[in-house]
Structures are given as structure tokens and as C-alpha cells.
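Protein chains in written order, with the numbering used here: chain A, 10 to 362; chain B, 1268 to 1539.
I should point out that these hints are in silico values taken from the structure, not numbers from a laboratory. One or more of the hints may lead you astray.
For lysine to any residue, the following SDA-like pairs were computed, each having C-alpha atoms within a straight-line distance of at most 25 Å [what the hints assert, rightly or not]:
1. A:K58 / A:D69
2. A:K264 / B:L1340
3. A:K264 / B:T1400
4. A:K357 / B:Q1350
5. A:K357 / B:T1400
6. B:K1406 / A:N355
7. B:K1330 / A:V260
Negatives, chain B to chain A, calculated, CB over 12 Å [as the list claims (entries may be wrong)]:
8. D1285
9. H1292
10. T1334
11. Q1361
12. F1393
13. A1497
14. V1507
15. P1518
16. F1519
All values derive from a computational prediction rather than experimental measurement. Glycine is no exception: its CB is placed at the ideal position from the N, C-alpha and C atoms.
So the chains spell out like this:
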Amino acid sequence: MDATVTLRRVGNSSVIPGLAILLLVAMLFSLTIGAVSIPVSEVGIILLKNLGLFNGVAIDSTHELVITTIRFPRIVMTMLIGAMLGVSGAALQGVFRNPLVEPGLIGVSGGAAAAVVVVVVFGASISLAGWTYELLIPFAAFAGGLGATFLVLKLSEQAGRTNIAVLILIGVAVNALTGALIGLSIFYADENQLRTFTFWTLGDLGGASWQKLAVAAPLILLSITVLLFFSRALNVMALGEAEAYYIGVDVERTKMLVIFFSALGVGVSVSLAGMIGFIGLVIPHLVRVLFHPDNRLVLPASVLGGALLLVLADVLARTIARPSELPIGVVTALIGAPFFVMLLLNAKSKREI
Amino acid sequence: MYEANDLSLRIGSKVILDDVSIKLHPGKFTAVVGPNGAGKSSLLKIIAGEQTPSQGAVKVNGKNLRTYRSTELSMLRAVLPQQQVVQFAFSVEQVIHLGRHVHRSRRSHDERIVAEVMRLTDVYKFRHRSYPTLSGGEKQRVQLARVLAQVWDDAVHPRYVLMDEPTASLDIAQQQHIFALARQVCGRNIGVMAIVHDLNQAARFADELYFIGDGRLVASGSAREVFTRAVIQKTFRCNVNVYHDPCSGCPFIIPETFPSVNNQSILKPVIQ
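Make the full structure from the sequences, and use the hints.
If you want it as C-alpha cells, here you go:
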């Protein structure tokens, strides 16, 4: 008996708690790793103390500072971004009824990254107060992501319906265009801004801070919550748009809201950490192949699975080439791609795709 | 009653449907027949509420279709479209449960209904299989079960099932099975409308027949009334001979041989 069959027997009820426990363990482990390694017991005490739950044991104040100002915001941001990418991938695949769709493909990530790069490179000439600038970045990312997505959608519409084959081709073209925009901005960038090129194209989780999260976290959490709300409707959409209408789903509203909140959440994620590929594509598939394709499981499991994969990828990115850090996008693709191909081959041989 | 009055549909300058009226009665099986491209599927889409006609209106149980919210309408009518592609490997049982989406009823109630329609359509024994691995006939039965689950609740108001060629590409035994089921479904205060390709099957199973040719209603009524050489000639531009089954008296057709013009062009030897 192979692993897939056994896992499928695990059933619905234990998948979510299981993933949540794995995520918690990965999170604690990740918090111990870094320039100074801090034992897990101390990490636990620091966390409990800062939550106001535990006070009594003396803690190394440097360690506390490292955890609360550097590692903890970073892990929170990592989990939020991973969760957002995972759930939006699952929701978009459901809405377009195509397993190839992911936030990157329909232009969300590229549009967001291009808008942010343009703001970073050319925005310096407009003098803005610090906090306006902080707000401008996520807003530009969201607007860029949404703009690119709607461009892709509009152009691939045929007689009122989205032609998936055209959508994928237009997505490729729009991604090339946003890539060119990023390249063009880089061309006019100064030495310092030039270094951000890797950041935007391969992702970087290093820039986390509580100030950035104060704006981004509520927007990402809102997007995740709204997308989860559509799990049931997305199951019906798997039958086709006309069929979903016959069954009583408001197809246009579902489509528009799923795209809007994917663009919002992923756009904001890109503004925090650049373009991180592969999670939105791989995680929902992993869940479907390992368990089953009911979106009431796939969406919440993609939230946790996306967060888990990004946390693990981040641990690797920070440890493989110590003391420097690998770009996170390189690591997600390095882990994700072979595993993904293996699962696809397994599913293909059983005619499950 | 499901009533469509004076429906017309024009797309650009092309007339798809011209002044077609149709009535569906609960407890009755209505078959719509006509040649390819006659506008049958457009008629079904308009009746189902998916497409808006250029002219005319559809009433469901006395109320205009446009005044229903899509969720309300889904409690009254279910639609079985022609081809069925289900993306992602849902199990048979999961697919059928999707038909219960709009009801928001208790889980145990949904499960009872799903089990009932699965037994009826004879899919119960492979309910745990993955949908994409099924054969064409099995898929069609699963989709029929899904459609029935949508309107299966005991209700006082009449409900309707609209089917677009439910037996396309099925063998004769499977066709019999689907049509017999459709008739059985009528017993539950449900009106069934089906677009049917096989004229003999339509005559055999339908209470009422609608002949649609070139976007127009050519004739409607029971098989005995309208299943004639003249009507079929006018609708399909094809000559047939009508006979009657000695047991049931039900009419059936056998097409005439090739018209002589074609005959010549086909059989004439090509000598160069």
C-alpha cells in the first residue's frame, strides 16, 4: 500500500489539526535558528512572557530583543505570506477550473512587483512623509496586482466567458510586460536600488518589521478569511460556470470577489517580500493529491500548508549558505518542483488528474 | 407549470429562435426534437434562465423567471447540460452532493436524498470512485443523480428537470435506463423536458413532443397527434415512413433510402 492511499484514509477531521501542529513545531524550530541560536525552551518562555502569560524566569535581554524585534515579526510575516499564497492558489484554481492557475500566472504577483518597483525607483523624486511611503507601497502593490489581473481577465474574455487557453497565454504576455517594467525601472535605478532586483524577483523575507505588519497583516487576514468563505461555492464551480449557475451559485460575484481578494492579499504579500513563486501552485495540488479535492478541505489546508512550506523554506534559506541567506524563491522552487513532479506522476499513473 | 411564451432570440442579424412557445407540466415528460442547429439548446438555455431572450418571457409556477433569485430558481429547476467535465478528482458521491448546494439542509437529510438518487440511477455501488475514471454512461448517470438530488425534496410546489440530450453517445440499454428513469421521476410532481435526438425514443417515452425546425415551432402534441411523415419532413427535410408498434400502438419511423439525386452522385462510377 502506498503513502497516498494511507494518507487518504486519515480523513478530513485530522488533516487541519495535524497541519496546525506541524506548523507550530516548525515555527518554534525556526525561531531558534539564526546568528545566535536560542534554545527552544527559551524561545517558549520569551513568547509566553510577551503574551503576558508567564513571568518569573530571568531571560537574556539580547535574546529577547532578537526574538521580539527580528525573528518573531519575520516568522509572522512568513506564515501570513505562505498562507496567503497557498489559499489564493487554491481559490484561483477553483474559480478558473484549471490546475495550472496560480497568482503568478494571472499577473497578480508580476503586476504588484512592477508597481512597487516603479514606486521605489521613481517615487524617491516625490518627497513623501515616512508613513505615507509605508502606506503607498502596499497600495501600489495591490493596485498593480489587481490592474494586471483585470487586464489579463478582460483580454481573455470571449463571448462573456473566460477562455482558459487564452488566459494562460495572455498571462504569459502580461508577465513578460511586468518583467520588462521591472527591468526598465532597474535600468534607471541607482546602485543601492539595484540590489532590490533580487528582492523583487526572487523574494526576501528579511525586511519584516512590526510597522509593516501593522498595515499588511489585517489586509492579508481579511483576504484569507473572505477566500475561505467561498470553499463551498468553489466546489460547485468545478462542474462548470453554467452548471454552477443552475445549482444556484452567483458565478460572477464569486469570480470577482475571489479575484479581488486574491489580488489584494497577494499584492500586499509581494509588497512585503517580493515575488515568491511556486507555493500558490504546489500547495493546493499537494492537498488534493494527498487527501481529496473537496475545497472545504483544500482551502483551509492550503492556508496551513502554504505557511508551513514557506516557514520550512525560510529555515533552509537561512541555514544552507550561512551566514548569508539564499533568496527564498530559489528554495521554494528547489523543494517544491521535484516533490510536485513526483506527486503528479503518481496521480497520473492512477488517472486521477 | 413552466411556461415560455413567444420566445425569440436574435444574435446580431441571425435569428436563432422565432416566436416559440412551450409548456412543461409537472408529472409529464416533454421531448424537444429537431435537426442540429435548429435552436433547441438555445431554447433550453432560455428556459433555464441562463440566456435572456430578445423577446418573450418565461414563467415558472406563475411567476416571471426574471423575478426569481438564482438560489430560489435552483430549488425549482435543475439542468443536465450536454457535456460534463469535472475538474479535479471528486468522488461520485461528492459530485452528487454538489446538487444539494442550494438547500442548506441538515447533513443527514442531504445524505438520505443522495443515497436515494444514487440507488435510483444505479451508481450506488461505485459511489466512492473518482469521477474522472468513470465511463461515459456512468458519468451521465452520476450527473443525472446530481441533477435529481437538487429537486428531490418532498415539496408541494412542482419542480422541473431540463435535460440537453441526456442519452447522447450512450448504448441502447443505457438510453432505455435514462428514459425509464426520467418517466419515473415525473411521478414526484416533477416536470421533465429533454432534448432528444432519437425520434423513436422520443415517441416511445414522451407525453408531449415539440418539433423545432429553423428556430420555429413546427408542431407540438402527443406522439399520436404529431408524429407524422409530414411534420418530420417539414422539421428535418428528410423523408421517413411512419409505422406503428403492433403491441403498444406507439408510432416509429424508418428513414427512406437515399433520395435519388444523391443516389446517383454516390453510385455513379467515376471514369476519367
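Now the hints, each set against the structure:
| no. | hint | verdict |
| --- | --- | --- |
| 1 | A:K58 / A:D69 | holds, 13 Å |
| 2 | A:K264 / B:L1340 | holds, 20 Å |
| 3 | A:K264 / B:T1400 | violated, 28 Å |
| 4 | A:K357 / B:Q1350 | holds, 23 Å |
| 5 | A:K357 / B:T1400 | holds, 11 Å |
| 6 | B:K1406 / A:N355 | holds, 24 Å |
| 7 | B:K1330 / A:V260 | holds, 23 Å |
| 8 | D1285 | holds, 22 Å |
| 9 | H1292 | holds, 21 Å |
| 10 | T1334 | holds, 16 Å |
| 11 | Q1361 | violated, 6 Å |
| 12 | F1393 | holds, 14 Å |
| 13 | A1497 | holds, 36 Å |
| 14 | V1507 | holds, 34 Å |
| 15 | P1518 | holds, 33 Å |
| 16 | F1519 | holds, 33 Å |
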